[in-house]
Amino acid sequence: MLLTDNPHWSELLLFALAPLVLFALAQFFRTLSTRLFSAAPVLLNNPTITKTMSGAAPTLPTTDEAWKAALDALPTAEANNGKIPAFFFAHGSPMLLRDTSPYPRFDSLKNQAGKGALARFLSVFGPALLDKYKPKGIVVFSAHWEERGQVLVTDYQENPLLMDYYGFEDEMYQVQFKSRGDSALSARVVAAVKEGGLKARTLGTMESRGKDGRARMPGTGLDHGVFVPFKIMFGDEFTSVPIVEVSQDESLSPDRNWEIGKTVDVLRSEGYLILSGGLTVHTFRDWSAWKEESAAPPYIAFHKAILEAVQVQDPSDRRIALSNLTRHPGFRLAHPREEHFTPIYLAAGAGEKGRTQVLDATYGQVTVAFGIEV
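In terms of our numbering, the sequence shown has 72 at position 35, counting the first letter as 1, and numbering is strictly consecutive.
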């Protein structure tokens, strides 16, 4: 009996072929997706922008030796027209203070856990900055402090710590990092922001900070985006240089935060170190995204696009390239909420003039110096 003798032969044929068709389609779209995402940096392929890339792509630092070499290559303030560069740095998470090796479920976070790549980088990053620049004070922005319509600046004598995380062991709430503020520095930051045309004031010593994207009620003090990396960078007690923290804008607008960064550019020539902490990948919807070996193609393509954008050496073209990153296919996957990415615009604004230097190109934890004028 022939198949065509069955009155339902067409349905039977479709049923038999359906798995093969679906398999072929799946393979096609998988290949197409990979090629599209690997080519995603074409968002940056404006002919003008491409010409301002720093020649052939250099080998970017991802090892202990390369990090040290990159930090050594930074110009002194004296050689840099009297200005300390501004830095976007990977501030990590509370996991930096933990050993995750006994917990297989945290394997994807091992690079950003205690003794991981980020902890090792931060341990040389902090001392290198202090040794090279001997800053009068540190002005730090964090992904974990947002305010609406105005810029707030801490004004503590001894900086309290805001334990703005939950679900950890008791010892994580006993973490110590002793540091001090400075009212004169706080006032100078406020004045600089106002001179730049924006509203600003100091935060009251007992005043709660903005909600910073958390569901819980706000508190006061330096958040974990500051005290966790600083503990590794500067040690448990660091009172030789004052630290003040500054809020980012709650709109999370790249342009708005860029403008905030521009207002503090003047402080770089006054001996102050500008640091802006966030992460280039920050999602709790896909734990595999935290590890390069398990991250899907869109995350890898986004990481490569970031490295391309920050290496655009013409300031105007670099701003375009950095702004275009928010339209990258991998952006919203890497940042369901972009509060950890906007600090790159604060640092880029503060170091708008001049060129850049990548200090750590490790996946998910990029650190960049902006405002190199030599």
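Don't read these hints as lab results, they were simulated from the structure. A couple of the hints might just be wrong.
Each computed BS3-like pair below joins lysine-lysine, with the alpha-carbon atoms no more than 27 Å apart [stated by the list, open to error]:
(1) K105 <-> K152
(2) K328 <-> K341
(3) K169 <-> K328
(4) K390 <-> K341
(5) K215 <-> K171
(6) K173 <-> K390
(7) K173 <-> K105
(8) K236 <-> K390
(9) K147 <-> K105
(10) K173 <-> K215
(11) K173 <-> K231
(12) K390 <-> K147
(13) K390 <-> K215
(14) K152 <-> K341
(15) K171 <-> K105
(16) K105 <-> K341
(17) K169 <-> K236
(18) K152 <-> K236
(19) K152 <-> K231
(20) K169 <-> K215
(21) K231 <-> K390
(22) K147 <-> K341
(23) K390 <-> K171
(24) K390 <-> K152
(25) K169 <-> K152
(26) K390 <-> K169
Just the calculated beta-carbon pair ranges, DEER-fashion [said to hold, decoys possible]:
(27) E307 <-> Y203: 15 to 21 Å
(28) P373 <-> A110: 34 to 40 Å
(29) R369 <-> M243: 33 to 39 Å
(30) R322 <-> E410: 37 to 43 Å
(31) E208 <-> V303: 16 to 22 Å
(32) D101 <-> Q194: 32 to 38 Å
Cβ atoms here follow ideal geometry from the backbone N, Cα and C, with glycine treated the same way.
Now the hints, each set against the structure:
Restraint check for K105 and K152: satisfied, since their Cα atoms lie roughly 17 Å apart, inside the 27 Å limit. Using a Cα cut-off of 27 Å, the hinted pair K328 and K341 holds, with the two alpha carbons roughly 14 Å apart. Distance check on the hinted pair: K169 and K328 sit about 32 Å apart at the alpha-carbon level, beyond 27 Å; violated. A threshold of 27 Å between alpha carbons decides the hint, and for K390 with K341 the separation of about 23 Å falls inside it, so the pair holds.
At most 27 Å may separate the alpha-carbon atoms for a hinted pair to count; K215 and K171 meet this at roughly 19 Å. As the CA atoms of K173 and K390 are separated by approximately 22 Å, the hinted pair is consistent with the 27 Å bound. The suggested pairing of K173 with K105 holds, with an alpha-carbon distance near 23 Å, which does not exceed 27 Å. Note on K236 and K390: the hinted pairing holds, with a Cα-Cα distance of about 23 Å set against a maximum of 27 Å.
For a cut-off of 27 Å, the pair hint linking K147 to K105 stands: about 21 Å separates their Cα positions. Taking the CA atoms of K173 and K215, the gap is near 18 Å; set against the 27 Å cutoff, the hint holds. Proximity of K173 to K231 is assessed by CA-CA distance (about 21 Å); at most 27 Å being required, the pair is judged to hold. Distance check on the hinted pair: K390 and K147 sit about 36 Å apart at the alpha-carbon level, beyond 27 Å; violated.
Restraint check: the Cα-Cα separation between K390 and K215 comes to about 34 Å, which exceeds 27 Å; the hinted pair is violated. Simply put, K152 and K341 have alpha-carbon atoms about 25 Å apart, close enough for the 27 Å limit, and the pair holds. In summary, the hint linking K171 to K105 is supported, as the alpha carbons are separated by about 18 Å, within the 27 Å threshold. Note on K105 and K341: the hinted pairing holds, with a Cα-Cα distance of about 22 Å set against a maximum of 27 Å.
Annotation: proposed proximity of K169 to K236 is violated, straight-line Cα distance about 33 Å (limit 27 Å). A C-alpha spacing of about 41 Å is found between K152 and K236, which places the hinted pair above 27 Å, so the restraint is violated. Straight-line distance between C-alpha atoms of K152 and K231 comes to about 41 Å, which puts the hinted pair past the 27 Å bound. Under the criterion of a C-alpha separation no larger than 27 Å, the hint pairing K169 with K215 is consistent with the structure, at around 23 Å.
For the proposed pair K231 and K390, the alpha carbon gap of about 20 Å is at most 27 Å, so the pair holds. A hinted pair counts as satisfied when its Cα atoms are at most 27 Å apart, and K147 with K341 qualifies at roughly 21 Å. Proposed proximity of K390 and K171 is supported: the alpha carbons are some 22 Å apart, at most 27 Å. Note on K390 and K152: the hinted pairing is violated, with a Cα-Cα distance of about 35 Å set against a maximum of 27 Å.
A threshold of 27 Å between alpha carbons decides the hint, and for K169 with K152 the separation of about 25 Å falls inside it, so the pair holds. Restraint check for K390 and K169: satisfied, since their Cα atoms lie roughly 21 Å apart, inside the 27 Å limit. Take E307 and Y203: their Cβ atoms lie about 38 Å apart, and the range 15 to 21 Å is violated. At about 35 Å, the CB distance of P373 to A110 agrees with the hint of 34 to 40 Å.
About 38 Å separates the C-beta atoms of R369 and M243, a value consistent with the hinted range of 33 to 39 Å. Between R322 and E410 the C-beta distance comes to about 40 Å, which sits within the given range of 37 to 43 Å. At about 41 Å, the beta-carbon gap between E208 and V303 misses the expected band of 16 to 22 Å. For the pair D101 and Q194, the beta carbons lie near 37 Å from each other, so the given range of 32 to 38 Å is met.
When the structure is compared with the earlier hints, violations turn up for hints 3, 12, 13, 17, 18, 19, 24, 27 and 31 and for no others.
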